[in-house]
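Per the numbering used here, the sequence shown runs over residues 48 to 609.
Hint data in this document are derived by calculation from the structure and do not stem from the laboratory. Predicted model, so just to flag it, every value in this text is computed and none were measured. Check each hint, because a few of them may be wrong.
As the list claims (entries may be wrong) - Dumping the calculated SDA-like pairs for lysine to any residue here, alpha-carbon to alpha-carbon at most 20 Å:
no., residue 1, residue 2
1, Lys365, Arg377
2, Lys541, Ala515
3, Lys541, Gly563
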Amino acid sequence: MSAPKPWTCTGKDKNGNPAASGEHPPHTNYGPFCTYGSCTLSREEVVSDKQTGPGGNKFLIPGAIAVGVLALVGGGMALLSPGGDGGGGRGGSEMTPAGGNCLAGEFEGFISEQASQGRFISQGEQVLLTGTQPQNISQKRDAAQSFQNGDWQRALEQYQFAASSDPNDPEAKIYLNNARARLRSDALPRTIAVAIPISSNPDEAREILRGVALSQDQFNNSSPTPDCLMEVALVDVDRSEESIEIAEDLIASSQVLGLIGHGSDEYAQQAVQVYQDNGLTVVSPLTMSVSMSPTGTSVLRVLPYQEGSGQMLDGYLKRSSESLIEHASRELPSPPVVSVFFNSDVAYSRRMKDSFISTLQEKGVSVTPLDILSDISASSGGDASNMIRSATQAGANTAYLALTRGRINSALAIARANAAQNNPLLLLGADELFSPSLLIEGGSAIEGMVLAIPWSWSPEDPFAQQSAAMWQGRVSWRTATAFDATEALAGALKRQNDNEDGGLNRAEVVNRLRQGQPISGVAADFNVFAQGIPLVEAVRGEGGPSGSNYRFDPIDNRETDE
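Using the sequences and the hints given, assemble the complete structure.
Next comes the structure, spelled out in structure tokens:
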């Protein structure tokens, strides 16, 4: 079945006038209207009707690739981990190489069809994110049925309509690109998987997928061989006890060349080990090395799991701690005295606590750890009040909340108890607390809270501008860092293969990442550990999540101490 003739929109009409939503990078469309962000120009209105691509339009966040993809899924995500000895494991493609370093062959069906946990995996044949607009949900379900039936053209058209009805929905855009990739009859797409917390935290999943979708769209519009496109399989990994089974499902499918996802919890570590043992590259918080080449180019390399041991993650946490305490030293009238709130039943919380305390002790700052394992919640303000009182009695003027996303309610309870004091403590936190829920439910209690995150939004940032145009609003650090993570893996997929067979399989992806993946677009500003991790502050104002009068604004934490 042939594909509908594509056309490219740049956000300008035939007279050179920009659309109401403004100009945007070249975007390939298959339906009657452009689906880039809020652009609704029709095919007849655009300047050119040719199939062109954005020419590798890149927005790698300066420095963020080094540390920015550290906390996307449950406390850390994005240190590239090689799979075992580089072999194909139980998966690995053995299909015939086609021209342009692509693979020729018949589609072997969907990953979910042979998976024991298939209901959590989709390449477009089932809807995992229900969205917020009924029309969009209905259109996606119709499109999924067409995708399931192998009617790629119909699925493409239906996902195009779904993307148009809700431009903020990344799932529709990803499946649209997947359908487009499957319409190419002479080559198989290059499939990667992305693991996100769809069931437990759909908003966070959407933030991550927006970055993945943008990278996929750029890859497919700038591929040196138009028939060699990227496909993204979505994987719902909320259920920790099923992480190993899902890992085995992905390994068993020879379609999957790499994975983005999984955190640093116990189940994630076990899953990463399974991936390694079977030769599948996985983006995880456990191994990665970023260095500068003699020419000034940033180079990403992978390390064996045992050798890496989360070195980059520890470095990120240490630099985050330094940035936060430097901010406290500037803002407080007296030297910081800190109480650290953590939950001892979560490994990543303990890791944040240990890193922060170690950094404070190096700087001679007094610190007291306070374990919230007593299960502080928004409904048990008494417990939070007692802990704030304990911190104050210990002489603290600052509180660091080393809490994970599952303890947002605890963070809210602590913030409310703190706000009720005559002399509230300065509240500091890490990226795990960066959440719409904190802004919506926290109200004035969280005003002034400062968080260390891998990337902060700025209206002058080119990536922020392009993302805002595509997704109709501000994007979070999770979107930015997910984009970087996908770009790193996509770079390994796109690089020309020097092997004689010209094909690409898991072993080749592992080798490319082990040898080093040049990261274009970051060399000029790559010095994150020296400059400091970006900080944001909760302030009153417009532009925050719906239902909140607060937003996170960036703080210039890279100034030189006087």
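Results of checking the hints against the structure:
Straight-line distance between C-alpha atoms of Lys365 and Arg377 comes to about 19 Å, which keeps the hinted pair within the 20 Å bound. Only pairs whose Cα atoms come within 20 Å are accepted, and Lys541 paired with Ala515 is rejected, the gap being roughly 26 Å. This hinted pair checks out: Lys541 and Gly563 have alpha carbons roughly 14 Å apart, not beyond 20 Å.
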